[in-house]
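With these hints in hand, go ahead and build the complete structure from the sequences.
Heads up: the sequence lines are chains A and B, in that order.
Add 2 to a position in the first sequence, counting from 1, and you land on the number used in the working numbering.
Add 79 to a position in the second sequence, counting from 1, and you land on the number used in the working numbering.
For the record, the hints were derived by calculation from the structure and aren't laboratory data.
The beta-carbon is built from N, C-alpha and C at its ideal position, and this holds for glycine as well.
Cβ pair distances, simulated, as ranges:
#, chain 1, residue 1, chain 2, residue 2, range
1, B, Arg-109, A, Asp-137, 37 to 43 Å
2, A, Ala-105, B, Thr-129, 47 to 53 Å
3, B, Gly-271, A, Ala-72, 52 to 58 Å
4, B, Val-192, A, Val-11, 33 to 39 Å
5, B, Val-192, A, Arg-8, 33 to 39 Å
6, A, Asp-51, B, Thr-129, 37 to 43 Å
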Amino acid sequence: MRPFERVVVEYGPMVLRVCRAVLGPDEAEDAWSETFLAALRAYPELAEDANVEAWLVTIAHRKAIDATRATARRPLVVESLPDRAARTRQPEDWDGDLWAALAALPTKQRIAVAYHYLAGLPYSEIAALTGGSTDAARRAAFDGIKTLRATYLAPARGGTDR
Amino acid sequence: MMVTNESEARHLFGPLFEIEEQTAERLHARLASMADREGLLDVAYRTVDTPVGTLLLAATERGLVRVAYPNQDHDAALAQLAELVSARVLHAPARLDAVARQLEEYFAHRRRVFDVPVDLRLSRGFRQAVLAHLPHIPYGATESYTQVAAAAGSPRAVRAVGTACATNPVPIVVPCHRVVRADGSYGGYAGGAAVKQALLTLEAA
Numbered sequence: 003m004r005p006f007e008r009v010v011v012e013y014g015p016m017v018l019r020v021c022r023a024v025l026g027p028d029e030a031e032d033a034w035s036e037t038f039l040a041a042l043r044a045y046p047e048l049a050e051d052a053n054v055e056a057w058l059v060t061i062a063h064r065k066a067i068d069a070t071r072a073t074a075r076r077p078l079v080v081e082s083l084p085d086r087a088a089r090t091r092q093p094e095d096w097d098g099d100l101w102a103a104l105a106a107l108p109t110k111q112r113i114a115v116a117y118h119y120l121a122g123l124p125y126s127e128i129a130a131l132t133g134g135s136t137d138a139a140r141r142a143a144f145d146g147i148k149t150l151r152a153t154y155l156a157p158a159r160g161g162t163d164r
Numbered sequence: 080m081m082v083t084n085e086s087e088a089r090h091l092f093g094p095l096f097e098i099e100e101q102t103a104e105r106l107h108a109r110l111a112s113m114a115d116r117e118g119l120l121d122v123a124y125r126t127v128d129t130p131v132g133t134l135l136l137a138a139t140e141r142g143l144v145r146v147a148y149p150n151q152d153h154d155a156a157l158a159q160l161a162e163l164v165s166a167r168v169l170h171a172p173a174r175l176d177a178v179a180r181q182l183e184e185y186f187a188h189r190r191r192v193f194d195v196p197v198d199l200r201l202s203r204g205f206r207q208a209v210l211a212h213l214p215h216i217p218y219g220a221t222e223s224y225t226q227v228a229a230a231a232g233s234p235r236a237v238r239a240v241g242t243a244c245a246t247n248p249v250p251i252v253v254p255c256h257r258v259v260r261a262d263g264s265y266g267g268y269a270g271g272a273a274v275k276q277a278l279l280t281l282e283a284a
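As C-alpha cells, this is what we get:
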C-alpha cells in the first residue's frame with residue numbers, strides 16, 4: 003500500500019474541485035479537510051485494487067451532505083451577513099461567474115455535473131451515490147451542462163472564451 | 080479512470096482547474112495537524128538540507144524512525160515505511176522540527192549529542208542491540224566492528240555488526256559512522272564512504 007501522502011498529492015486537487023463545484027467557496031475547504039481526514043482514517047483497510055477516485059468521491063459526497071444539512075440548520079441571519087463582500091472576487095475566478103452559474107443549478111444536476119466532469123465517475127456510480135437510475139444521473143448531468151453552457155459560457159464570455 | 084475528456088472539462092470549468100499553490104499548501108498543513116490531533120499521523124516526514132545532502136526524516140508517535148540519505152531513494156524509504164509501519168504517512172514537518180534543528184546544530188559544531196526519542200522498530204534482534212550501543216561511542220571517537228560486537232554481547236558476531244550498521248535506519252542520530260575497521264580504515268557506509276569520512280572529519284575538528 004502506497005503512502006497516504008501520494009493519495010493527497012494525486013487526488014487532492016480533484017477532490018477540491020468537486021467540493022468547490024458542489025458546495026461553493028464557504029464550505030469547500032472544510033469539506034475537503036473532512037474528506038481527507040476520514041480517508042486517512044479508513045485508508046489502511048482500503049482494498050489494494052480499489053478505485054481511489056470513486057472511494058474519495060463517496061467520502062466527499064457524505065461530507066457534502068453533512069455540510070449541506072449543517073447550512074440548512076443554521077439561522078438565516080448568519081447567511082445574510084455580508085462577510086463575503088470584503089473579498090475581491092473577479093468574474094473570471096472560479097468563485098465568481100462560474101460558481102454563480104453552478105449555484106443556480108438544482109443540487110442533483112450540480113452533483114451529477116461535478117462527479118462526472120470533475121471526478122470522472124461513470125453515471126452508474128453517480129446513481130449509486132445519489133440514488134435513482136443511471137439514466138436519471140445522465141440526464142441530470144446533461145441538463146446541468148446545457149444550462150451552464152447557456153448561463154456561464156455563452157453570454158458574457160462570447161469572444162474571450164478560454 | 081477518467082471517463083470524460085479532460086480538455087472538455089477544462090473548457091467548461093477552466094477556473095476550477097486553477098488551484099493556487101498556497102491554497103494547496105494551507106489545506107495540506109491543516110490536514111496534517113488535524114491528523115496529528117486525531118492520532119492518525121502514524122508516520123510524519125520532511126526533508127532537510129545538510130552538508131551531506133538532502134536527508135529524509137521520518138517519525139512515528141514514538142520517535143525518529145528513519146533518516147535516509149539521498150542515495151537511498153527517499154520514495155523507496157517512504158514506501159518501506161508504508162509497508163512496515165503504517166500507510167498513514169503524511170508530509171508533516173512539525174514533528175521533525177526538533178531533530179532538524181539538532182542536525183543543523185550538529186553540522187555547525189554546536190551539538191555533540193542528539194536528544195530526541197528514537198524508534199528502532201525497523202531494526203530487530205541483534206541488530207537493534209548493536210544500534211542501542213552506538214550512542215555510547217562518544218562524539219569524535221571510533222570503535223572497531225570487533226569492539227562493538229563485544230559490547231553488544233556477541234564478540235564473534237563481527238560480520239553481523241557490519242550488517243547492523245549498514246542497515247541502520249537512523250544514521251547520524253544513531254552514530255554508526257563511528258564504527259570503523261580495526262586497521263583504522265573507514266569501512267562501508269549507507270550514505271557512501273565519502274559521507275562517513277565527512278562526518279568523522281567534522282567530529283575530529
